[in-house]
Amino acid sequence: MTNHNTVLTCSTLSVAITGSGGSGVVTTGQMLLKAIANAGYYGLMARSAGPQIRGGESAVMLRLGSEPVDCLDDRFDVLMALDWLNVSRFAEEIPLTASSLIICDPDAGEMPEAIACHGARSLELPLKKLSGAIDGGRINMIALGVLAELLGLPETSILTVVETALAPKGREIVDASRLCISRGYSTEKNAGLEQTLTPVASPAKRWNISGNEASGLGAIRGGVRFVAAYPITPASEILEWLAPSLEKVGGSLLQAEDELASINMIIGGSFGGVPSLTATSGPGLSLMMEGLGLAVTSETPVVVTNVMRGGPSTGIPTKSEQSDLNIALYGFHGDAPHLVLGALNIRDCTFVTDWGVRLAEQFQTVAIILSDQSQGQARSVIDPPPMAPACKGRRTARPDTQEYRRYALTEDGISPMAIPGTSGGAYTADGLEHNEKGTPSSMSLDHQQQLDKRLGKLTGLDPTENWAESRGSGKIAIITWGSSSGAAFEAGRRLEAGGQSARVIAVRLLCPLPGTLMTASLEGVDRILVVEQNHGGQFFHYLRALNLLPDNAEMLARPGPLPIRPGEIMARVSEWS
Amino acid sequence: MHGNTPITGLKPKDYKTGIKPVWCPGCGDFSVLSAVTKALAHLALPHQNVAMISGIGCSSRLPAYTSVYGFHGVHGRALALASGLKAARPDLTVLVAGGDGDGFSIGGNHFLHACRRNMDMTYIVMDNEVYGMTKGQASPTTAPDWTQSKLTPHGPGVPQFIPAAIALVSGATFIARGFTGNPNGLTKLLVEAIEHPGFSFVQALSPCPTYRPEHKAWKKQVRPVEEEATSDPIIAAQRIQTDDGMSTGVLYQTTVPVWQPEQGISADTGQLEEVFFV
Numbered sequence: 096m097t098n099h100n101t102v103l104t105c106s107t108l109s110v111a112i113t114g115s116g117g118s119g120v121v122t123t124g125q126m127l128l129k130a131i132a133n134a135g136y137y138g139l140m141a142r143s144a145g146p147q148i149r150g151g152e153s154a155v156m157l158r159l160g161s162e163p164v165d166c167l168d169d170r171f172d173v174l175m176a177l178d179w180l181n182v183s184r185f186a187e188e189i190p191l192t193a194s195s196l197i198i199c200d201p202d203a204g205e206m207p208e209a210i211a212c213h214g215a216r217s218l219e220l221p222l223k224k225l226s227g228a229i230d231g232g233r234i235n236m237i238a239l240g241v242l243a244e245l246l247g248l249p250e251t252s253i254l255t256v257v258e259t260a261l262a263p264k265g266r267e268i269v270d271a272s273r274l275c276i277s278r279g280y281s282t283e284k285n286a287g288l289e290q291t292l293t294p295v296a297s298p299a300k301r302w303n304i305s306g307n308e309a310s311g312l313g314a315i316r317g318g319v320r321f322v323a324a325y326p327i328t329p330a331s332e333i334l335e336w337l338a339p340s341l342e343k344v345g346g347s348l349l350q351a352e353d354e355l356a357s358i359n360m361i362i363g364g365s366f367g368g369v370p371s372l373t374a375t376s377g378p379g380l381s382l383m384m385e386g387l388g389l390a391v392t393s394e395t396p397v398v399v400t401n402v403m404r405g406g407p408s409t410g411i412p413t414k415s416e417q418s419d420l421n422i423a424l425y426g427f428h429g430d431a432p433h434l435v436l437g438a439l440n441i442r443d444c445t446f447v448t449d450w451g452v453r454l455a456e457q458f459q460t461v462a463i464i465l466s467d468q469s470q471g472q473a474r475s476v477i478d479p480p481p482m483a484p485a486c487k488g489r490r491t492a493r494p495d496t497q498e499y500r501r502y503a504l505t506e507d508g509i510s511p512m513a514i515p516g517t518s519g520g521a522y523t524a525d526g527l528e529h530n531e532k533g534t535p536s537s538m539s540l541d542h543q544q545q546l547d548k549r550l551g552k553l554t555g556l557d558p559t560e561n562w563a564e565s566r567g568s569g570k571i572a573i574i575t576w577g578s579s580s581g582a583a584f585e586a587g588r589r590l591e592a593g594g595q596s597a598r599v600i601a602v603r604l605l606c607p608l609p610g611t612l613m614t615a616s617l618e619g620v621d622r623i624l625v626v627e628q629n630h631g632g633q634f635f636h637y638l639r640a641l642n643l644l645p646d647n648a649e650m651l652a653r654p655g656p657l658p659i660r661p662g663e664i665m666a667r668v669s670e671w672s
Numbered sequence: 007m008h009g010n011t012p013i014t015g016l017k018p019k020d021y022k023t024g025i026k027p028v029w030c031p032g033c034g035d036f037s038v039l040s041a042v043t044k045a046l047a048h049l050a051l052p053h054q055n056v057a058m059i060s061g062i063g064c065s066s067r068l069p070a071y072t073s074v075y076g077f078h079g080v081h082g083r084a085l086a087l088a089s090g091l092k093a094a095r096p097d098l099t100v101l102v103a104g105g106d107g108d109g110f111s112i113g114g115n116h117f118l119h120a121c122r123r124n125m126d127m128t129y130i131v132m133d134n135e136v137y138g139m140t141k142g143q144a145s146p147t148t149a150p151d152w153t154q155s156k157l158t159p160h161g162p163g164v165p166q167f168i169p170a171a172i173a174l175v176s177g178a179t180f181i182a183r184g185f186t187g188n189p190n191g192l193t194k195l196l197v198e199a200i201e202h203p204g205f206s207f208v209q210a211l212s213p214c215p216t217y218r219p220e221h222k223a224w225k226k227q228v229r230p231v232e233e234e235a236t237s238d239p240i241i242a243a244q245r246i247q248t249d250d251g252m253s254t255g256v257l258y259q260t261t262v263p264v265w266q267p268e269q270g271i272s273a274d275t276g277q278l279e280e281v282f283f284v
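Top to bottom, those sequences are chains U and B.
Numbered according to the working numbering, the first sequence spans residues 96 to 672.
Numbered according to the working numbering, the second sequence spans residues 7 to 284.
Accuracy of the hints is not assured; some may be wrong.
[Stated by the list, open to error] Capping the alpha-carbon separation at 27 Å, the derived lysine-lysine pairs in DSS-like fashion look like this:
(1) U:532 - B:26
(2) U:532 - B:156
(3) B:22 - U:532
(4) B:222 - U:532
No lab work stands behind these hints, which were simulated from the structure alone.
Only chain U is shown next, with the shape it has when bound in the complex (with noise of 0.2 Å):
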């Protein structure tokens, strides 16, 4: 074992693993993240591959800390390069600086210019060597022991690991794997991180999820147990982890023919009165339109879990973008007031599922929760999520209730609902235009008041504090929403540590948005910047149609795949100083 000199700590480190098709990256890097997460830190490892079905390159991107991780880093502190085959697809998202380490084999060639041009310390070792002179020897192994020693690991946490993972595949494969990674651990090696992670005192509770599980688990924690829905990448992982699940919790889960039947069939289970949802990414919510509108009517409360991608059209389907806001905003066609919530991270992806079902629930209408594929087929080591706030519940009418009237006026605007089976409920839900009987009528009083209804019901909303997450003061603002938030929220903890003070939103609550709130919150700010990964600038302009921003108001909006970085809001904010 090799003494690094490493003197200091720090609060993260950023490793990323490469490597082409059959190098088992994804495997090294949740093994890693599992490790670090027995050694009681936290960390998020994010992915990216080429749209091939099997094999073809792919990357993980993981930041390890010591406190909760919830945005990668402006740069990698390591790269472990499996080999150098199509490496340059991942050069951009791989951001490296002379102080990074590339840890690659000699044998696997010359490093590629568009790695080799940032000058970084590299740390040559013969991993193809090590790992065939081991019977059933993989090269990703060694990896992953070099990778543990480097970063301080025990060796025997990272031992446990893959024993846990790999004792399905019988004791061979553990046995090599095993001593693949002992060899990479104690392999000599010239070169080493100039910092390691703060040690971890007394580690908390933690959980190893990714943002589609944590979707999935809000559903079943705010009451779903009815969902339909087709599969779509990059949502699929949300209803794979939903099918045995709700199962076991006495629901169920239907594979529709496609996205219209998807929306349609939870719009049925949920007026049979089992709360209902369906997960999609933009191509499927468009496809949804239609169907949502019916359920805004008809006062059927759904919730559609759209996990975001490049778009337009089929897009990027594989990379993360945030430019489906305002499909969830605006894509209804008629006046159809409902709910838009956008997770602020992985953990959150949680909490605002729960929320927006007990939401939709209580109002009786649509709920479209935004997480994206960055949050989605990302993992993450985090603190338990919190339980949404109860709410209400769905209000149901009572048996033999006289005179009922499903889409009576009341003075919140939610009506009892009749749920089939209810005697002397029976009642005609619609899609057109009705009176409070849900009789169909095309009078204009009627249209009106079922209008009002369906609009004012939705101002008995208590957003509570759960409307937007809100950290730092002073007088510049960065307000963003989804997955930036992670970043948004660093750019403002290093300003505050450069003296330079800001104040973060990160609105969670992105339809009915609490104007009142919002702006009570920018009391005293004369510089706001709002930061979104989207090319027009999508929440900008919304916050611009509700009034909410000050003409100097400033975006900072680009397009997907690349994530937003701190250190890029940093730089905007810096020019305003």
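Following the hints, position chain B against chain U.
Coordinates of chain B only, in the frame set by chain U:
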């Protein structure tokens, strides 16, 4: 139908709401409404345990005229909505009603998959070979040489969709054809369809006096099927394909297990969360 305890003494009119239908005088759909309410009364199903789902079109207005639970949804998606309801609430008797445009054109994909899925529900298509609500355009069941629509002045020019054949190859387990000019026969078919365990499809030839006045001739063209219903799909296919589409009765019936998503309770949310702990 599903273990609903019948209530005796119910009459067909007890299943009507009294809302005046939007249909034209002489429309076949009146007869379907009547047959549906007679079938429900015959089966003595409690109102609260029946749901009638539809899409958009003249015939899709039917749920509002029945006094069971109903959903008048969007064009073409009735089967999807009904499948979701049945999956979430297997205890309900689910009926679906609509027209040929709604079911075979805009909703064609759902028709295929509803047949294939074989959930326990009944689908009644009032086939008038025309789009009535949008004022007389050709539908998938319109003959290729029908030139009365301004939209297709030379006729649709493509072969007609044969609903019973599509239902058969897609996996429907009960296929029948009825005629609104024979309401008792239609009622009997609907009773059998509702009692059938699985996806039952009833094509009701329902004349449109406004846009297809020539349908008056149907009365002379329809006839009962000559043979007993078969459970052999090859024989059924041959009969359906060699038929002129005017024979009425049960064309095919077989019994295979119905599909319903698995449900059970073995865990609470807290137990699901245990797997995430580091």
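Hint numbers contradicted by this structure: 2, 4
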